[in-house]
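Participant: Letter by letter, the chains look like this.
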Amino acid sequence: MSSATFLGMPPFPEAAEHAVRDARTRHNLHKATHTIRGKRDAVVGELGDDWARLRAEGEAVKTHTLRHLDHYLERLEESVQRAGGTVHWAADAAEANAIVTRLVRRTGETEVVKVKSMATQEIELNNALEAAGITAYETDLAELIVQLGEDLPSHILVPAIHLGRSQIREIFLDKMAEWGVPAPADLTDDPRALAEAARVHLRELFLRSKVAVSGANFAVADSGTLVVLESEGNGRMCLTLPETLISVVGIEKIVPTWSDLEVFLQLLPRSSTGERMNPYTSTWTGVTPGDGPQDFHLVLLDNGRTDVLADTVGRQALRCIRCSACLNICPVYERTGGHAYGSVYPGPIGAILTPQLHGMSSEVDRALPYASSLCGACYDVCPVAIDIPEVLVHLREQVASAPGHMGEKAMMAGAEAVFGSSTALDAAQRAAGLVGGAIPKHLPGTAGKWTDTRDLPEIPRGSFRQWWNEREEDR
Amino acid sequence: MGGSRERVLARVRAALADVPADEPVERPSEHPYADAHSEGDTLEVLADRLLDYKALVERVTEADLPGRIAAALDRRGAGRVAVPPGLPQAWLAESSVERVGDTAEAPLSAADLDATDGVVTACAVAIAETGTLVLDARPDQGRRALTLVPDYHLCVVRAGQVVDGVPQAVRRLDPGRPLTWISGPSATSDIELNRVEGVHGPRTLEVLLVEPDT
Ligand code: SF4
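Read top to bottom, the protein sequences are chains A and B. Each residue of the first sequence is one higher than the one before, starting from 1 at the first, in the working numbering. Each residue of the second sequence is one higher than the one before, starting from 1 at the first, in the working numbering.
Isolated chain B, as found in the complex (with noise of 0.2 Å):
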């Protein structure tokens, strides 16, 4: 599978000839600069740059999630939704949808997620900052199929994984495990240049923000 392998280095190498031989290759890591820019509490600026990108956000405490998970579904008129293999059994608990599990056995295919109304998942990391939910297709989130192929997404986030900046969700992430980082609704800025949301990924993005109780 080498191609041009040797060929490539070879000239890599050659152009590099006024690079001295004794010059350190690893580079110390400083961080000259911030971990986050936000000012104000976390949970706060996630909502605001969430709905700035268009998202349904909804701040709720522990207690009420599966009561506002039900009623979120029932707005949305959705009858099936994909759950991934280790979603809480507690989020659903309220709800009177069709589930429809997707698990490693018996994995569901393109056009059987395209047949569901929706998909509720966790994510790993949410980055307050930029308005990011960052999934690592745990099993609370599922494969990467399952948040894409469905029109919308309901994520629950918690409290205890907002972080204010992309730097400090980068620490948190482990780069072995597939990542997708989702800011908003799909949307494109292709025509004129002006941000449109609604492409082909989920149109509609709702965001449960999880307190814990008082």
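Just chain A, with the same shape it has in the complex (with noise of 0.2 Å):
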């Protein structure tokens, strides 16, 4: 029953390269993606063209918020006090993981049910808990999947898209046993008998729970009010029957008013279900007497956010909404996978998101900007008109000016530490060529496969330094 981490995954090029070669995965992502896509459209063109009238609107709240969030966490802190709720601070996933351990601790209980939340997967707190001797339980479909088969989430919306209904039929056979109430043992894979196994299997969990963890989608500063869109009903199971809830929520997740709703309560379902509206969505303001959980928890969490706010052109990563369009749509994406992203957050936006979290602190991180084409189909569906290409352009910018040089410098300094002088030199060109490595020295093969139309960027074929300046030439 243990959980798997990113920790350790080989950066983007190689993980890509071994990820296209499965045709299975590859199958699934395809069938999908372009069903969701479908969706998106017709619902989008519904609205017309109050389409784009919505998204530059939602583009302004969540600009304008992240201009001021200071002045918003602290309204929104003192919103949700005053309706009874509890507020934490978390500068990191180790402040978050301990608060979050701590409460539930407190609680007397051993285990506790989650709704999804990509918050909780980034901070990697089913660890923390699982340390702590907590299970964590996992509600939602796809993140039951994967928690139940040691799997890695692979998409922001649906954590095991890259898996078949013949393949999920398999892991609930195999492993329900393991967590709780077994699969029936003539289970098929119609996707109705599935969803009917899932359903026996967390009912009489649901029903005896006492502690509760969640993300949100949204957090409304004037009101306190915190808002979860989701489909099954394991959201409102969990956000409604327990006696404690405690809430992991990014510090961007912000909207100033309750009326910035009538923006995102548009945007949201068409562009990550293609759905009029999601099945279930559920709004809780504090605690309410006599109906829910009456121990509410807010653990506000930066873990590199702030970073990413620092960076002018950075920070508009931190508008998104995890409505996963930009996955949805991404010719890398549909033919990689969400894994070879090495994080939780795949994808386009993993692909500027996780860097700038991380500082882009490791090869992985470094490599993430080169795993695009530049295309620009992401930055057409973002409902939040997120500039990927742009922000994946500035980071690429960072890489070739800072570890270029730092890497090598650092190497040399190392390998002198640990080699002495005379192998130095060594040192660094192997130095150079780790970072080299971290261009997309790979992507020229498989990229040449993965795009037929798309414009692609000039393949690095020599050093990355050679094809750096090369480039800057060609500008």
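Just so you know, these hints were derived from the structure itself, not from any lab. Be aware that one or more of the hints could be misleading.
[Claimed, not checked] Simulated pairs of lysine-lysine, DSBU-like, Cα-Cα distance not exceeding 30 Å:
| hint | chain 1 | residue 1 | chain 2 | residue 2 |
| --- | --- | --- | --- | --- |
| 1 | A | Lys31 | A | Lys175 |
| 2 | A | Lys31 | B | Lys54 |
| 3 | A | Lys175 | A | Lys210 |
| 4 | B | Lys54 | A | Lys39 |
Hints in hand, dock the two standalone chains.
Facilitator: Structure representation (structure tokens):
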């Protein structure tokens, strides 16, 4: 019953090369992304010209909020406290995990039910709880599939998008018994039967659970209201039946006023599941006597977000409402799948968000800005108009100007200390090679197969520096 | 309970050094978008959208309502139904189902609710364009758990509660109340991104759309 982690994943070019060879995954992804694209196009089309106005307003609200984030954070805190909730602040993942663990321990419970949440995936809360002897049960169907299969999420909205129905059936048959109510022996791969198996598997757990952990799609500063959009009712179960509710929410999830939901409750469902409205949306404000959890905690999470905010070009990534439309439209994502991005945030948004959250500290992070053909489809579908190609190019420039330099220098210093100066030059060359490895030198071959009609960037053939210089001359 | 409050706020402020100090903190609310998009009769659009998401829908008149509620519960074969504290008495007047009342003094447990065959409630607002019912937990709808645990939800929507678009609904609602927006029975898109109805919430949603007697 261990949880998988993205730690130690190879960087994108390597992981991608492996992924594109996996025919089954590619088939599943192709089918799923094309289904959802069609649905999104239809329901966005229904709104005609108004879509562009809603999109512009969504962008404006988020941009404004981010530019005054300190003000809105304090306002949100005040509103939530006024409504009977408790607000906690976590600077990083370790702090957030410690806060949640402490809150759960205080209840005396050793199990929690979870509503799908990107923030808690990002901080790997389930692992932290497990280490503290607390079992976290994922209740969203796709999260459940990933958890049971000891797999990794590969999509923001549908973490098990890389699996087809027959694979899901096998996982249910093999693993459900380990976690609770087993799957029926005669389970078929009919999606209805699979959904029914999930219902039966989780039913008793919902009815007995005392503590729930959630995220939120939006946090409304002026009213202190949290908003969760979902489909299955697992969210409602977790947000309604337990006695204690702990919501871990990134600081960028704020919108200033209740009326801003007029915009986002149109943009999000149509962009994400391609529905006019998702089956269930829950909103709650602090604690309501006699209705729902009587102990409510909001954990506001930074974990690198303020670093993203400090970059005046890159900060637009914080507008993201996690709809996943950019994943579904992306020709690179469709062929590599989500795991190749080595992060809980895959696809185009992951390629700009992950390296910024991590401060481009690893080879994996530095490779991500290159995981794109810069075709711009992600920008076109983004409901808050994040110019992903602009940020990708911006980050490539950072990779180019910093680690090509610093990586080399650092390696030199490290090599001198370890090997002595006689091998320093050799080490420096290897360092340069390492940095070069972060550049898509593997992409030419695979990229050629990935996209036939896309406007691919110039392929780097030699060392990184050579490639960069040539690129600069071409400008 | 502060945790790293000051640290996070200081980091936010440092990150925003480029924002001019005199930039207004409040945004003018201009609503440069439409209130609604649907064309046609509001109730017809609502009925159409509800059906599209696999809810059962009937148009009824005020005078017919108790009879139609009784008939719906009969068709469902419901023997015991959960009843919110403020459900209009008349609504169940013609039905012989056993009423399992939920009150603030004697709230039903999740297990009690699980043992009922369904629940009958009113709603607060309905949105035609998206086929959405919004419940705000007033006494004629009850606590949120009431419409969650039972497998069958019969919801009565009055014509005056129906708006065309999402913005109009948001304006009518009080964020201070716990709200549940319901668009069809529970469903999932998690298997190959196709919508399948019937997961954890009520698997059957039946809506009676009430028009005033003419
Ligand atoms: S970047 Fe835009 S399109 Fe991609 S998930 Fe975020 S909001 Fe959606």
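Participant: Provide an ascending list of the numbers of those earlier hints which the structure does not satisfy.
Facilitator: Per hint list: zero violations.
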